[in-house]
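Participant: Residue numbers (the working numbering), protein chains in the order written: chain A, 318 to 905; chain B, -2 to 187.
What the hints contain is simulated information worked out from the structure, not anything from laboratory work. All values reported here derive from a predicted model rather than from experimental measurement. Just so you know, not all the hints are guaranteed correct.
Stated by the list, open to error - Which bits of chain B does chain A cover? Going by a derived footprint, with three or more residues having C-beta under 8 Å, they are:
hint, segment
1, 34 to 46
2, 71 to 80
3, 86 to 98
Note that beta-carbon positions come from the ideal geometry of N, C-alpha and C, so glycine has one too.
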Amino acid sequence: MKREMTGAEMVLQALKDQGVKHVFGYPGGAVLPIYDEIIQQDDIQHVLVRHEQGAGHAAEGYARSTGKPGVVLVTSGPGATNMVTALTDALLDSIPLVCITGQVPTHLIGSDAFQECDTVGITRPCTKHNWLVKRIEDLPRILHEAFYVATSGRPGPVVVDVPKDIQFATGIYEPPTNIAHKSYRPKIKGDIEPIRHAVELLSRAKKPIFYTGGGVINSGPAAAQLLRELVQLTGAPITSTLMGLGAYPASGDNWLGMLGMHGTYEANMAMHDCDVMICIGARFDDRITGRIDAFSPKSFKVHIDIDPSSINKTVKVDIPIVGDVAHVLEDMVRLWRTGGHKLDAPALKSWWETIDRWRGRNSLAYRPSEDIIMPQYAIQRLYEATKGRKTFVSTEVGQHQMWAAQFFGFEAPNHWLTSGGLGTMGYGLPAAIGAQVAHPDALCIDIAGDASILMNIQEMSTAVQFGLPVKVFILNNQYMGMVRQWQQLLHGNRLSHSYMDSLPDFVKLAEAFGGHGIVVDKPADLDDAIQEMIDTPKPVIFDCRVANLANCFPMIPSGKAHNEMLLPDEANDETVANAIDAAGKALV
Amino acid sequence: MNAQNLNAPSAYFMAEVVEQVESHTLSVLVDNEPGVLARVIGLFSGRGYNIDSLTVSETEHEKHLSRITIVTTGTPMVIEQIHHQLERLVPVHRVTNLTVEARRRSFEKPLERELALIKVAGVGEKRLEALRLADAFRATVIDATAEHFVFEITGRTNKVEQFIAILKPLGLVEVSRSGVAALQRGPEGI
Ligand SMILES: Cc1ncc(C[n+]2csc(CCOP(=O)(O)OP(=O)(O)O)c2C)c(N)n1
Ligand SMILES: [Mg+2]
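All chains, full assembly: derive it from the sequences and hints.
Facilitator: Given below as structure tokens:
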């Protein structure tokens, strides 16, 4: 409804009209008028974080676990700069965020006023788009446009910078309209000819593979459903990036496990040897391809992506299809069905036999122990204990993240929240909080590392205040394990500053925040302790003391190809020390 | 590990050297709003693309649209990336690769012109020589005293370059150039 109101009122009204139920934020001088509106209404719940970065990641967890945009409200200057990491994280992982920042009044912009910073300048490269609102007349349109841009096409974060005088000014509020955006109109439906071509190619393939990514999740539940259908129709094996886990169930017959640097041997070998690769909503990231000139050298490549700039960026493909994953898959399934396509059954059978041989290498194997908890074992037990529950898993960044991806089975999309593109330590706890806000009855676990968790540990306080019973499951190896592993691989095992001498007592830390703490160091005690964690109706920090020097395998060392994986049974100290050559050392 | 691959050179970027670097002219239609040029330039610097020339001016006042003309160099794969990355910017309405369009119509290049203002100071024979060359290049004198000329020249970039190079020994003081403006040949717009 059109009516006169202040800028601050408009912000709240626009959020309501956009269906927003929760906002993650932190107040300050430049957003006080908006906070004054927040307290005078009940439709939108504000979750007060303890650090703006926490608000950003919480909104990401919220968005990833619901498919809806996450909303953040922070003040000018330091409030805005604290958001930069979360915005960049959301940009790289294509997470829809709408971040509203306060700004000094328009007449002070450019004067180095107190808590002034060039928010649109600073966030330009880490947002999909951003706006500085200079006139009250523009505010309603920009707010609605912000939601449109954040959520359409390839999703991403946006910033709306609102000077304080605009928040006080009055103008006419305009509700959202259906008028097409004047310039940003992403292509949703894929061209039918290349889709037809892709289906034909798939039906003639002798060694096909589906390589899927976060784009399937972003496209929505229908995309995951159609993917499952197409995989079943074609009988082809399927692997996924870190970001795409859950789109196809880990228990599914055709699942090869994750691919890439710490993917399974069978997934990477199948990628290397396939003759037709169908890439869906993934972007040939360097963590996936390994050495680019040796990447899947014999395959015809089909790439389905809503973002044309993702196509032919690093890997040249034969059939590009620009469009939304669900729309394109719908066409593929229909064409497969109506085209009377048959599988090359003998070829597929022999392809699966080859794959089973690779599987037989058991690339995720680790040496079990009765005395020390192996980190992989801890994840396996955690997974077993949570089966049958509605569980959301977030992670921090490091070895524990990769072990979680390898050993926790995801059956449905939107239940796995991890920082893939940016690899942001400190992501997991606030992300779990965001998921818990959206799903109050679910079990929300942050699988954490002892180093990462300290990067946003203050958010325990948020969890306690808002009654959000998140579980922080720390694989405590006393090291920045992933850094230590790379130092072993690249730098003669000189462990420069990757060991932490004085970690806090995590049990006491949990209690200090008003949560519950658990510590375990014997494999035999693990199951009971995990049950205690799950049964505790408040935030828990679980200090799981694990083998300190375990390495994460298998691994494609930097600069190597998919078929040059380092497998756990081959990885003795000498192979590890020599796995990466001089040129590979320069890579990240 | 696969033994025969162990000695292969190891880098992600090897594919790049295979393709030849080319110069392309892109025409970008954008909303004339604050920050739009910063977005375009930030894209080029942030992703390590080259800008050889960039011109911008509002060209459709009633719609507040500006046309940015960018001359850039890169492999065909990089040029395609630049094109799509530009299209990703929200205030960008349309991106046209004029070089590709020209080739498609069997022209070597799109219409490209540059304007330069060139100041030359000197007396005697050098001064006369500068004036004679200006005449030959169809440059016009737009300012003069007994000691100097300012020439205005319009033409293709290499003609402008050549004129400036020739003037160098004849008392060249300074140059201001507009960068490349470009349009497609034929009756249609982009
Ligand atoms: C903000 C940030 N800083 C630095 C890094 C580099 N980094 C990647 S993994 C890692 C160590 C993580 O240690 P921990 O959380 O204990 O996990 P582990 O590898 O031991 O499981 C570091 C420092 C990062 N990813 N993010
Ligand atoms: Mg650790």
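Participant: Does each hint hold? Answer for all of them.
Facilitator: Hints and how they fare:
Under the rule that three or more residues need a Cβ within less than 8 Å of chain A, the assignment of the segment 34 to 46 of chain B holds, with 4 such residues. Here the segment 71 to 80 of chain B counts 3 residues with a CB under 8 Å from a CB of chain A, which clears the bar of 3, and the coverage holds. For the segment 86 to 98 of chain B, the proposed coverage by chain A is satisfied: 5 residues have a C-beta within less than 8 Å of a C-beta in that chain, meeting the threshold of three.
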